[in-house]
Every structure is written in structure tokens, then in C-alpha cells.
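Starting from the given sequences, assemble the full structure and let the hints guide the process.
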Amino acid sequence: MTVEKIHDTQEIRYWPGHMETDYIYTLGIAGERFFNEIKKNGKIMGAKCKKCGIVYVPPRTYCEQCFEKLEQWLDVGKRGIVHTYTIAHIDLDGSKLRDPTIYAMIKIDGTNGGLIHKIGEAKPSNVKIDMRVEAVLKAKEKREGSINDIKYFKPVK
Amino acid sequence: MSAKIKEYPGTEVKSEEIKQGKVPTIRDRPKAKYLWSAGVAMSRFLNELKKGKIIASTCNKCGRIMVPPRVFCEQCFKSTDGWTYVKDTGTINTYSVSFIAGDASRIKEPIVVAVIDIDGASPGMGILHTMQEVDWKKVKFGMKVKAVWKPEKERTGAITDIKYFKPL
Amino acid sequence: MRDAAIVGVGCTGFKPITPEVSYKELMFEAATRAYEDAGVNPRKDIDAFVTCAEDYWEGYSIFDEFVPDQLGAALRHLFTVTADGLIGLGTGYMLICTGEFDTVVVEAHSKASELLTYPNIVAHAFDPVFNRPLGGHPYYFAGLEMARFMHDTRTTREQCAQVVVKNKKNALLNSCAAHAANVTVEDVINSEPMFDPLNRLDISPHADGCIVMVLASYRAAKKLTDNPIWIRGIGWNSDTSWPETRDWGRAIYTEKAAEMAYKLAGIHSPRREIAFAEVDDEFSYKELQHLEALKLCGKGEAGKLTEEGVTGRKSDLPVNVSGGLLGMGYALESSGLQRALEVVRQLRGEAGKRQIPNAKTGLAQIWRGVPTATGAVAILSTEMK
Amino acid sequence: MRMFGKKRVAVVGAGLTLFRRNMKETGREMCYEAAKMALDSAGLTLSDIDAVTYGSAPDAFDGIHMKGENMTDASGAWRKPFSRVYTGGGTGVFAMDSGWWHIASGLFDTCLVVGEEKMSSCYPHPAYAFTTIFDPIMDRPHGTTLIWIFSLEMHRYMHRHGIKKEQIALVSVKNKRNALDHPCAQLGAKITVEDVLNSEIMCWPVQRLDISPTSDGAAALVLASEDVAKKLTDNPVWIDGAGWCIDSTYWTNRDLYYPDYVEYAARMAYKMAKIKNPPKEIDVAEPYDPFDYKELHHMEGLLLCKKGEAPKLTAEGVTQRDGDLPINPSGGLLGVGNPIGAAGVMKCCEIFWQLRGEAGKRQVPGDPRTGVAQAWGDLMQYGSVIVMRR
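Chains as they are written, first to last, in the working numbering: chain A, 1 to 157; chain B, 1 to 168; chain C, 1 to 385; chain D, 1 to 390.
Calculated directly from the structure, the hints in this document are not laboratory data. Where a beta carbon is used, it is the ideal one built from N, C-alpha and C, also for glycine. A couple of the hints might just be wrong.
As the list claims (entries may be wrong) - Here are a few chain A residues that sit away from chain D, every Cβ distance over 12 Å (derived from the structure):
{"#": "1", "residue": "5"}
{"#": "2", "residue": "51"}
{"#": "3", "residue": "64"}
{"#": "4", "residue": "128"}
{"#": "5", "residue": "137"}
{"#": "6", "residue": "149"}
Said to hold, decoys possible - Now the in silico label distances, taken between C-beta atoms and shown as ranges:
{"#": "7", "chain 1": "A", "residue 1": "72", "chain 2": "D", "residue 2": "360", "range": "33 to 41 Å"}
{"#": "8", "chain 1": "D", "residue 1": "365", "chain 2": "B", "residue 2": "21", "range": "47 to 55 Å"}
{"#": "9", "chain 1": "B", "residue 1": "7", "chain 2": "D", "residue 2": "365", "range": "38 to 46 Å"}
Structure representation (C-alpha cells):
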């Protein structure tokens, strides 16, 4: 004899729950400086590994490949190319976006990294891989030290 | 090495600096909602609570009567064999008195929390619940207690259909 | 020498929803089946237990608290890895190789249907400083990857759609599959656009289910069964956690994991030595990308081979005969064991109508999904080295 | 019959960050600092590392789903095999168990073990993350907190053996004082038994000074196979025993006065290490002490004394740094801090340094040769143990 399984759907019980609370994330040693440079000076910075020569964007405190401490920071400019892109038709809640969002991985010129961001001032049908783009920043007084201080990247010649 | 290392890495910031925005931060709150199936054992348990009863499951091999009920005997590793009602009285196995809430803030009236071994179940088969109608300083190990139920209309089929336990 | 075998498997089957049982009861069923299959009593015969779970998938913090009883592991040597079941299998393999354990149980499950806010939870895995504030549905990462993969390899949209057609059709012969269907390439391409070039039918729908496997050392396996399935090689690997320095076109984590697994298995020519493969196809293009990373075909060839039917059920290199994740359903951390389970069933000759004749060695591979760059590969065989 | 070649596993390096209530560093940055220090101290570079294992408690602290996947490269696992083990509070010491099998299996020659926790991200208080560790149907509806259940356990332990709070408070006094000598410590202090007894009541019998703080921090170890270790150093420390055990989820169905799961984990590790008489053979121990009573509870579970005898040994000074059986010479979690996954690794670092005679001001006398670290977690349910020898 064993305990019988449920064979009457009315007997099934559900129990709701959640794992929601507030989080406050520090930006970290590298993140704080990176976002400060964008916010205050309108500059996108990278960090160079003196051993491997890799230039990291976003900058970090360490080289992922050789574990050197990264101490050399440089202004890498605001231009790069679209490494890959996608047009999102669906929002986080599953609803259909009236204006699709164009997301892209942008390789910043002269670096081994880049930023994942949005493409603006362009029709979805005009975006291409390897297209040249430039970061458009929010007005200085509206910047708050986040990745969204960059409004988007726009196509440039 | 410990003795040789002069400086250990790390940059301390104070909670106040974070609160006052002196240290830049990013805030977020995940949307993480769930609706779990209670399953065979706990659906029955909850449906019985709604009726004002506590139900246990039994294992014929080890003879244990288990609360909360389950479809498996974890000792024998086999399916449990049946259901049986247990009483809504019990004995205090251990207790404590809480002066703080979940977010570590202070609460006014202390809450007496106890593991109550349920009468009619196997020895040591307890559940977690709270105690009222007793001065917290007078709660004792081994004290006999009884469930105080919500009125039938207010019951939803939840462990909180038992409002609390009180001394018998 | 390192020898470990799978000597028992148990599976609940995969279904879109499972309201009639709790996750504990789901695990109990899979465990009971696996122990019956292996002929073991978990209270006496098992030396260690490995479970695979992530807190936010379950809605519990410290979820490992809730696993021992239903596996027969109360007051036993159990632990949890926050990894796919295939990495759990690798962990069990390591335990046996230490010589301290003769029998190890590996478990992974999915109760994906109980997550009411799945996309938000995936988004919570994004780096909170550099990526998450951008917002949006997290699967745009898959759209980014797919576009670059197609660009690098000249894979066509139709070739990706062909994966969906094949896998969902394969699943029709698998009673464990949750999302079997007859669809056409047109159905896929015309399904709702999600994250261009990714459409709705390119994405594996979720499923609930649980898989438990019993592993044994050489000496224990010989006592327990006449048809052990040997773990000839296993590997797992993580590329950087920073999406900004990843290679968006390649699955380097799979290339590296395969390297490790092939080395352990002594495999030099994967295409010749491996009879069939069960690979991660959480998104259609992933099957193609992974086949190339596994060196089961050359770079840029996977799409073409699929189009030509080479990866079909009765063809030269059958891939995802089970139906894959597209057909069986993406099952959170049990997705990898789902792949391994099919390899075991095929190698044991228990695959019924979808049986691949005379297969001796098969491969299982998995990826941990957006936004990770972690994957695992296992080589299973009826033959020891 | 094929033979298994179990490999002997050595510890060759250790690294540690400060433990603090809030750190500016992200989890990744803390992992890197600890891992880098451990590598440097072992005289190795990242390319020498074959695999990485990472230990961290719930994702709800750092506030990142699949936390381990966020830390791979920062823990040294760029394009390497990486796995994260997870046994609640037991995670830290268990991460070392995990490092042990990576190498003992013969699959890898070197393995980085990294423990990390950034509890401060969880706001307004990390305690919130603990409200979801309970059964949603039986326990969560009461508003159950972590301190509730530990005070229930503490009270049961006191009741069964007739132990007084004064006896337990001695642990807090000792550990916080020991921590004054630890350069990473968050809460080193000279306090008295009265201070503990007069501190704010949280959940009777637990008071403010009975509890370790919440912390941010990371710790790391480098493990190596015998061949590699012998090339690196003349005095490796060996991992001779690893053990772990989990008890039933149904914690209200168990008698909480004694940690069976710790005893089972200890027996597993002692058997491997061929330890027959633990109090005689073990020279120094770092049992898990997030609460002062837990040190006593765990000394008993580790079979370092009889059931109910730990308070007596503590009162007699046996567990002081210069006593017969020094317990938590680091200052433990009560003194150094408790970034959960990192705290257990910190304990392993301490034993490593003690056995090498490199613990500086914290060095226990008598040239210790055998040490034990232990952690505890889940619903008063998990024990993880490691035995190290010089």
C-alpha cells in the first residue's frame, strides 16, 4: 500500500512565494572610476594589461587571462563598430514592444573589449554588422553614474 | 605567509556613506515570483488544516507517524503507507523568544517561538509555531500546549489556520 | 586507471506542467526508478550524492537544504553544485576517481512551470553594474549570438529553422518529450519575431521533470549490472563572465570542454569515433554552433549538414534523436542529464522506435544558458577504453 | 581489476581580503584579490592552474542569480573547468573538500579554491536573504528568521546539558580577543562575559554579542598534487581527510541538542586521515562559530570532547590559544567576521598558516602538526570537515 497520488484536480493546492528584496550594488573599484569618468568628463576609459597588452573595456582591476593587476587606464574614445546586433520585439514582461529595441555588442576602437548597448538614430533595417558607431551621452547634468549615462550608440561614417 | 603579509586587500566603506549616496551605487529589486505545487502530501495536509485537523503520514516498515506528512519515508526510503489524524495538542521540545523581525528591526511585543512535538505522532515529530496567552518568562521545556484555531470561516488551508498554541 | 560507469537511470518524463506533484515528490519518483534500475538501496549502498540546483530557479535560498530526504540521503554524504546536471555527472566522476567512493548518485530537476517571472529571473543573472541596468528581455543575448554566429559561418536562417523541424519531429517518438510536433521551416521562420534573427519557435519551451543517475566504480559496476555505460570522458569549462570580451560567434566553453573530454576518452577523430550526439539546442542555432565547437563538423558546416539531413535520425551523424531541448523541453539544470539519459538509452538499446542501430559511443553536451558561457561534454560508451 | 590511483593533495598557498561590513569591491574584485594573493604566495601564476572551485552561500546575498557564473574569470577560471559547490553555511570548508576531490581524482594537478560573499548588497539587511531559506508552507508563514531557529537549537542544547549562558559567553570573549591579532578581522575586541550577558536580547537565549556579524570578504587557497607540491615547497600542508554530511530537511523532527551531521562528516574525514583518537591527535581546530554556542556544539560533533563537555573545557582554558586544544585561534567568525562562503575558507587558511608556523601573533605553541577546520550550514543540517597535516 502506498499513499495515493492526486487524481482529482480540485485537491491540488498551490502555494505562492517570492524572493524579492532590495539590492544596493557598489560599482566596485574599477566601475566607480569608469562611471565617474563618463559622468564628469564624458570619457570612456579602458584599462590596459602591461603584460598581455590587452585593453579592457569596461576597465577592471585584473587581467582575466594572466591575473596582472591593471593599473594603466586610458581614454579609448567613443567610437567603435557593431560586432553583432539584434532587434528585440519583446519586452521583459513578454509584451510586444511597439518600437523594437536594437541591442548591439559594440567593439570600441583600439581595444579588446566594448560595451553592450542600444543603437539609436537608426532604423532597424539599416543596422549592419561592422557598421561604425559612436556613443551618445546624456546631457552632463542628467548623468548619474550608470551605463545608461550613454543614451545609445549612433551610426557614424 | 600570514605573518609575512603586510597589507591585506579590501576597501572598507561605511553603511552611512552608502545610505547618504557618498559611495555611488546601483539599486535593483528582482521580480522573482513563484507558484509552487504543494504536491500530494502537503495538499492533503493543507486541506485538512482547513477542516481544523492535523494529518500525518505513516510508514508500515518503521512504524513512524510523520508530521508534516510526506509521500516517502526518508528513513526506510519507501513510499509511505497511509494517513492518520494526530491531535492538536503537544509538548514544547524547545522554544525561544524573539525581539526582532525578519529585517533585523526591533519589535514591540516579543514573539514566543517553539518546536512543538505533536501528540499522536511519533516521538520528536514537531512543528514550528508560536505561543500566546502565556508570559514568555513562564514558558517551560516539556510544557503541554494546545492549538488555538481560527474560526472555520476564516481558515484558508494554511499552517496559520492555527493562530497559535497556548498552555493546556 | 579511471573507470566509472552509469549503472542506473530514473526519469519522470518531461511535461509542460506538473501540478500534481511537488518538487520533492518529483525527485522521489525519479530516484525510486533509478535505484530500481540499478538494483541499489540508497540507505545502504550509496557512498555519496550530488544534486544540481540554483536558488532562484527554485524560489528558495540555500535550496540544498531541501534535497536529502526524497533521495534517501538523510544523514548521508550529499552536497549540491550550482551547475547543470552534466557538470554534476563530472563531479560524481571525480568522486569515484578518488577511489574513496564506489557508488555516487547524481540528481537534477526542473520545476520551471512554477517560475512566474522567468525572464526577470534570468535578467537577475546579468551583471548588476555593467549589463542589467540596460533592461530588456534577457534573451536579446541569444539574438546577439545568433546574428554573429550566422555572420561568421554563413549559416542561413533556413538552416537554423531546419534544426527545429528535425528535433520536434524526433520528439514525436519519445514519450518523455513535452513539446513534440510536426512543424515546417516556414512555420519556424514565420513564427513571431522575438530577437532578430531569433523567432519564437527557435526557442526551447520549458518543461518539468527530474532525472537521477547512479554511477559506479569499475568494481561496483561489475557487481551491479551486465550493461554498464562507461563514462569514457567528461569535461566542463567556463569562458569569461564578461560578455564584453567574449567571442560572440563561437562557443569556446564547448570547444574547451570537448578538448578535456576527448583527451580523457582518448578520442582523436570525434566524427569517426562518435556514433551520435545529444547537444544543447536551447536556441536552434546553438545546436549548429555546438556541433562545430565539438569538432563533429568543420566551421560553417553544421548548417549545411543539417540541411542535407546528415544529422537526421537515420543518417550518418544523428543529432538530438531524443528531440533535444526543442522537443523534450528546456529543463533548467536537468537539461544536461536529459541529453545524457538519451545517450544511455541508445547505448543500452532501449530507445524503441528511435533506436540507433549498433551505436557504441555517444556524446552529450550542454550549455548553461543566457547569460553564461559555461558548458559541459560527456562521452559515454558501452566499451571501456 | 583496474586500480585507482588516489593522489595525495597538498595546500601550497592562501589568500585573504579584509572582512568588513561593507566593501567597495564587487564580488568579482574581491575574488580576484584573494585568488591573486593565494597564487603569489604559492609562487604560481594563473597559467599553472588547471581548475577552479568556488564556494558561496545564497545568491540572495550578492543579489545575482547564478552567482558563480558571474565570478568565473575573477576566480581564475578563464577558459578553465569551474564549478561552484553549495552547502549553505557549510560552503566554505566544503569548497576545500571540493578542491580535494578535484586533485585526488587525478584529473587535475592544481586547483584554486575561492570563497566569496558580498552580503552587504542585500538591503536593508542581509538577514532578509535568510527569510527565504525556510519551507514556504510550514515555516515561512510565521515570519520565521534565521535567529529564531538557531535560538531554538541553542536553547535545546542548553536545556539538555544544563548549560548556562555565562559558560557559552566565554566563547565570544575568547574569539573576539583572538581576533585582535588577526589583520583582516572585523570585530576583534576585548569584552567580558558581562558584556555579552548585558548585550541586547535578539531572540532569547541569543543576544547581540553571541552572534557573528554580517560581512563582505573573500578567501582563497591553492591546492596541488603531491608531485607539483614537492617542486614548489619544502613544507606543504597535506589534506589527509575530507568529510561532509547532510541531515534531514525536517529539522523540527530532529533533536537539535546534538549535531549528528557534524559527527558523521568528522567520522568520514577521520577515517580517511586514520585518526582514531581526535582529542589526542588533533593539535588545533577551527570549528564553525557563527554563534558562540556553535563552537561548543561543534567541538562535541567533531568528537573533540564528550557530549555536553565543551563548556567545561572552555571554562578551564583548554581552548585558549595556549591551551591544550586551541580552538579558533584565528578569532573565528565571531571575531574575524562571517562572509559565509569566505569564512569557511578563512578557517582553512588559518589551519594552513598554523601548521606552517606562519600565523604570527596568532601562532599556537607546541609546533602543531594536525589541524581540523569545520563548517556548518543549511537548516542546522550540514557539516563539512577537513583534516590537514604537516
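Is it true that the C-beta distance of residue 72/A to residue 360/D lies inside 33 to 41 Å, as the hint says? holds, 34 Å
A cut-off of 12 Å on Cβ-Cβ distance, and residue 5/A was said to be off the interface with chain D. Does that hold? Non-interface label stands for residue 5/A: nearest chain D Cβ at 19 Å, farther than 12 Å.
So is residue 137/A really clear of chain D, every C-beta pair being over 12 Å apart? holds, 24 Å
Non-interface claim for residue 128/A, where every Cβ of chain D lies beyond 12 Å: Since the minimum Cβ distance to chain D is about 30 Å, residue 128/A lies beyond 12 Å and the statement holds.
Quick check on a hinted range of 38 to 46 Å for residue 7/B and residue 365/D, using CB atoms only. Hint violated: Cβ distance 27 Å, outside 38 to 46 Å.
Test the statement that residue 64/A is away from the interface with chain D: the closest C-beta pair must be farther apart than 12 Å. violated, 4 Å
Is 47 to 55 Å right for how far apart the beta carbons of residue 365/D and residue 21/B are? holds, 50 Å
Residue 51/A clear of chain D by more than 12 Å, beta carbon to beta carbon? With a cut-off of 12 Å, residue 51/A comes too close to chain D, as the shortest Cβ separation is near 10 Å.
Are all C-beta atoms of chain D more than 12 Å from that of residue 149/A? The claim stands: residue 149/A keeps its Cβ more than 12 Å from every Cβ of chain D (closest is about 19 Å).
Hints 2, 3, 9, counting from the list given before, are not met by this structure.
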